[in-house]
Amino acid sequence: MHGHAPLKIGDKEFDSRLIVGTGKYSDFPTMQKALEASGTNMVTVAVRRVNLDRTQESLLDYIDLKRYALLPNTAGCYSADEAVKYARLAREVGMSNMVKLEVIGDQRTLFPDNEELLKATKILVKDGFIVLPYTNDDPIMAKKLEDAGAAAVMPLGAPIGSGLGIRNPHNILIILQTIKVPVIVDAGVGTASDAAIAMELGSDGVLMNTAIAGAKDPIKMAEAMRKAVEAGHLAFLAGRIPRKSYASASTTMEGMIE
Amino acid sequence: MQITLNGKSREVADATTVKALLDELGLHAMRVAVQVNLDIIKREQYESAVLNAGDKVEVLTFMAGG
Numbered sequence: 001m002h003g004h005a006p007l008k009i010g011d012k013e014f015d016s017r018l019i020v021g022t023g024k025y026s027d028f029p030t031m032q033k034a035l036e037a038s039g040t041n042m043v044t045v046a047v048r049r050v051n052l053d054r055t056q057e058s059l060l061d062y063i064d065l066k067r068y069a070l071l072p073n074t075a076g077c078y079s080a081d082e083a084v085k086y087a088r089l090a091r092e093v094g095m096s097n098m099v100k101l102e103v104i105g106d107q108r109t110l111f112p113d114n115e116e117l118l119k120a121t122k123i124l125v126k127d128g129f130i131v132l133p134y135t136n137d138d139p140i141m142a143k144k145l146e147d148a149g150a151a152a153v154m155p156l157g158a159p160i161g162s163g164l165g166i167r168n169p170h171n172i173l174i175i176l177q178t179i180k181v182p183v184i185v186d187a188g189v190g191t192a193s194d195a196a197i198a199m200e201l202g203s204d205g206v207l208m209n210t211a212i213a214g215a216k217d218p219i220k221m222a223e224a225m226r227k228a229v230e231a232g233h234l235a236f237l238a239g240r241i242p243r244k245s246y247a248s249a250s251t252t253m254e255g256m257i258e
Numbered sequence: 001m002q003i004t005l006n007g008k009s010r011e012v013a014d015a016t017t018v019k020a021l022l023d024e025l026g027l028h029a030m031r032v033a034v035q036v037n038l039d040i041i042k043r044e045q046y047e048s049a050v051l052n053a054g055d056k057v058e059v060l061t062f063m064a065g066g
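Heads up: the protein sequence lines correspond to chains A and B, in order.
One point on numbering: in this note's numbering, the residue at position 83 of the first sequence is 83, and numbering is uninterrupted.
One point on numbering: in this note's numbering, the residue at position 6 of the second sequence is 6, and numbering is uninterrupted.
FYI, nobody ran anything at the bench for these hints, they're computed from the structure.
There's no promise every hint is true.
One side only, chain A facing chain B, incomplete, derived with CB under 7 Å [as the list claims (entries may be wrong)]:
1) 48
2) 89
3) 92
4) 93
5) 94
Each residue gets a CB set at the ideal place from its N, CA and C atoms; glycine is no exception.
Generate the whole structure from the sequences, applying the supplied hints.
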């Protein structure tokens with residue numbers, strides 16, 4: 001059941017339910033400290049041309065591979081074919097057969113092209129990948145991706161980098177009730193409460209990048225996100241009280257002076 | 001002979017292998033993926049894969065991303 005068992009993707013279990021991106025940090029040491037403060041066990045990376053200027057430092061010098069699993073993405077891909085190509089290149093680099101599968105449909109919103117996403121998911125699952133597709137908050141699509149063999153489904157809370165929070169918590173709830181594979185809310189988180197809300201709904205995890213990397217103090221925000229994800233998850237396990245329109249006194253009337 | 005490496009033209013010796021190119025670039029120890037003219041070259045093929053003049057070679061690795 002969602003949110004109860006430890007987060008398991010493919011055959012790997014993860015202590016932390018927070019997945020963190022490595023993009024947009026001002027420098028690698030800040031990123032390294034933020035990852036540490038976030039408590040994450042899994043970080044996303046992109047596949048790009050190697051820097052032939054050897055004087056520049058490499059991202060991998062700042063990522064302890066004993067501590068973090070790598071989740072390569074297919075960011076920037078606009079077709080199934082292109083995304084499949086990038087996933088295969090990522091696997092060729094070695095270190096991971098997981099893929100955060102992104103097939104983007106539009107530059108301005110970065111919303112996924114679900115038709116191409118489903119196509120790419122089917123190809124990569126058949127090819128032995130552990131596929132984590134980034135999708136809309138659409139329960140029907142989530143089910144199709146699960147049926148196609150996705151190891152987890154990652155609905156957006158809001159557009160990538162928007163910081164708008166979980167715009168349609170009801171859809172996330174329906175997704176959680178519809179599919180069995182882990183549901184990881186990916187994109188849209190702006191601050192700690194957004195991450196907590198995603199987890200309070202019963203999500204299995206949250207993936208974020210900009211909310212941490214773009215904060216004035218990324219290291220503090222990473223710590224805030226760690227606590228928010230833990231708090232939201234605990235609140236989900238504890239079971240919140242139902243919402244009511246009217247008050248219900250916490251203090252009894254009994255024993256008052258007549 | 002001329003090849004195109006990561007979008008830039010580069011002069012390499014005739015019959016250079018992928019392995020020789022990576023050694024020349026100082027990337028032999030680094031984790032990379034290599035694509036030649038849209039085909040991914042697997043690690044075990046680096047020594048046998050011979051480049052031809054005009055080949056478009058891409059050498060990729062993990063970079064920062066979300």
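These are the hints, each one checked on the structure:
1. 48: holds, 4 Å
2. 89: Cβ of residue 89/A sits 4 Å from chain B, so the hint holds.
3. 92: Interface hint status for residue 92/A: holds (4 Å vs cutoff 7 Å).
4. 93: Given a least distance of 5 Å, the restraint on residue 93/A holds.
5. 94: holds, 5 Å
Hint compliance for this structure: every hint is met.
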